[in-house]
Amino acid sequence: MTKTNTATLPQSIHSALHHSRFAELPVRARLSVTWEIFRLQAQIIFSHKFIWFMLGILAYFIVAYVINYKQSVIDRLALEDVLPWLLEFPLAALAVFLSMQVITSEKDNRTLEVMFTTAGSRYKVWLLRLGTLNLILLILALVFAVVAFFAFTDIPIIGIAVHGFVPAFFAGSMTLYFAVRFRSGLAAGMVAAGVLTLILMFTELLDETRYFLFFNPYHVPRRLDPETWNLWMWQNRIGVLCLGGLLLFAALRGMEVRERLLK
Amino acid sequence: MTDEPATILNFPRRGGWLLVLLFLLYLQFRIQTPWLTATATVLALLIFQLRRLAGRIEKGAINPELPTGRWRKIKRGIYTLVRAIPFIRPPRPQVRALYGVDLEIGQGMFGLLGPNGAGKTTLMRIIVGVLERDRGSIKINERHLAEHRETFHGAIGYLPQDFGLYENMTPLEYLNYHALTNGIYEQTTRHELIEKLLNGVGLWERRDDKIKTFSGGMKQRVGIAQTLLHLPQIIVVDEPTAGLDPRERIRFRNLLAELAKERIVIFSTHIVEDISSTCHDLAVLNGGRVIYRGSPETMQQKAQGKVFEAVIPEEEFSGRRESLQIVQHSKSEDGIRIRFLSETPISDLKATAVEPSLEDAYVYLLQTSKKK
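The listed protein sequences correspond, in order, to chains A and B. Residue 175 in the numbering used here is what sits at position 175 of the first sequence, and the numbering runs on without skipping anything. For the numbering used here, count along the second sequence from 1 and bump the result up by 263.
In short, the hints are calculated from the structure, not lab data. Any given hint could be a false lead.
Straight-line C-alpha distance at most 30 Å; calculated BS3-like pairs for lysine-lysine [to be verified]: (1) B:Lys482 with A:Lys107; (2) B:Lys473 with A:Lys124; (3) A:Lys107 with B:Lys475; (4) B:Lys482 with B:Lys524.
Looking from chain B toward chain A, a few residues come up when the C-beta cut is under 10 Å (computed) [what the hints assert, rightly or not]: (5) Leu329; (6) Gly427; (7) Tyr437; (8) Thr444; (9) Leu604.
Backbone N, C-alpha and C fix where the C-beta goes; we use that ideal spot for every residue, glycine too.
Let the hints inform the model, and build the full structure from the sequences given.
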């Protein structure tokens, strides 16, 4: 065991410290800090069996590829099928899984109390965590879109990735909100999965309206002209993002009731 | 009818089941999917039943910890589930943890002593601003903590009782993460600071090892390094020596004493030895109330003339244990040597008054406060 040198601890350390505001840093330093924060936050998020979930998704893609390959050319996945099956559903599932871990992992690690005493903005740590989480989802949406482009059919990669991310953002925010309300990641995950299943059960009723969470802009109903569908697409996407944002805000407000979370 | 307010939780008891029935009928007529309506009906019935069960647990009609009968294992599982489901579980009773605590703490090491459940952790959490107090105020340099909580978080370092670390990180990564979240962005400063802190707690050589490979004491030292990251002038540590081996405990106490030379260190513990060797000022908390405030020496004097030692035959020991407040006992050649607390000398016992230790005084204070 190394010998503790307590004599070096007091004032000498503290006099060396200088707090620079993020905005005051040079661009290069800002990028370096952003990357470092993203890397460390991702390390925390990824530590909880995330790899198994990713392997599950890889298996899902392989199975989808094999099934698709075995189909006759006319029955293979087309542009409008790629969005729900290869992006929206796996990403929403991933968002639920990751969001239910946000609070649970901190509770399991017993790091919640220390987080509550972080200096500065009260929402800073959570916002950094959630920002990283959504950035990971967006990156994964792009990766899935690229995989779909090369393995399945020609698709607009950026557009489909963004459309795939929107319901995932909502699903993640909803799960986080439930996790804060219930103080249990597992219960939140179950309820969020229930809500998403319920939405999917009503697909036939909703999929040709602007109110469907998994709105598919590439599947224009015959009864509608593309312009109206495009307008609905904007209304839906903005609405879902706003609703997701509201749930996120409600979750952040709920996180301020520290006593409940520490129980 | 009960007095509880009408909420979604108790609507079945208030005839709300009619609403549910109407909803199910509407669902059937609107969607015309029998299996969906049937699923919704089963779900509603299940929720009603679970809520009823939660109500019985709440009223004490069922003891969820000790179910009886042939299916007790299954019953216990169901009770556990009921108590975990949000919106269904019975409400937890409110506990008042502190009563009129009034303390003024200056520079140096301040000890907060008290048995388990005395309210130490609640007080610590309120001091650092993790919990809100119901009434009263906390001031740091005449400024209210509640109004400047986030500013003061920069001045307070807190090591909770039951703290954890990100075990898949190295201490270097862990401190780097906390430095960044605390706004220490400048790379050179951050790295120098982390190096000095890790050297200070004797972990620089282990900087690249995963925290999960560390012993309890080493983890505590990572914790204290994290607590010192943002230059706190006030350090609050809640039972930091619990679970450490004696060598680690001494090392940790010395570390805190060193830090207390230039700042306020509030050190909560239930181990008297920790306080006696490091604190110049202390408070004893019991049942949420401060029962003593002052120096360890004055506290010791409180038990002056109340501590006795005697040697008794072995067969008398169990009887004496019932009637006396024995703080220590050991086997001797003549029988059992006991050290006990008493307001007056015991007439049928050849006991001699001895100099009280801090531990004697602590037990004496707890005993007298209990009597009050």
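message: Of the numbered hints stated earlier in the document, which are not met by this structure?
response: The structure conflicts with hints 5 and 9, although it agrees with all the remaining ones.
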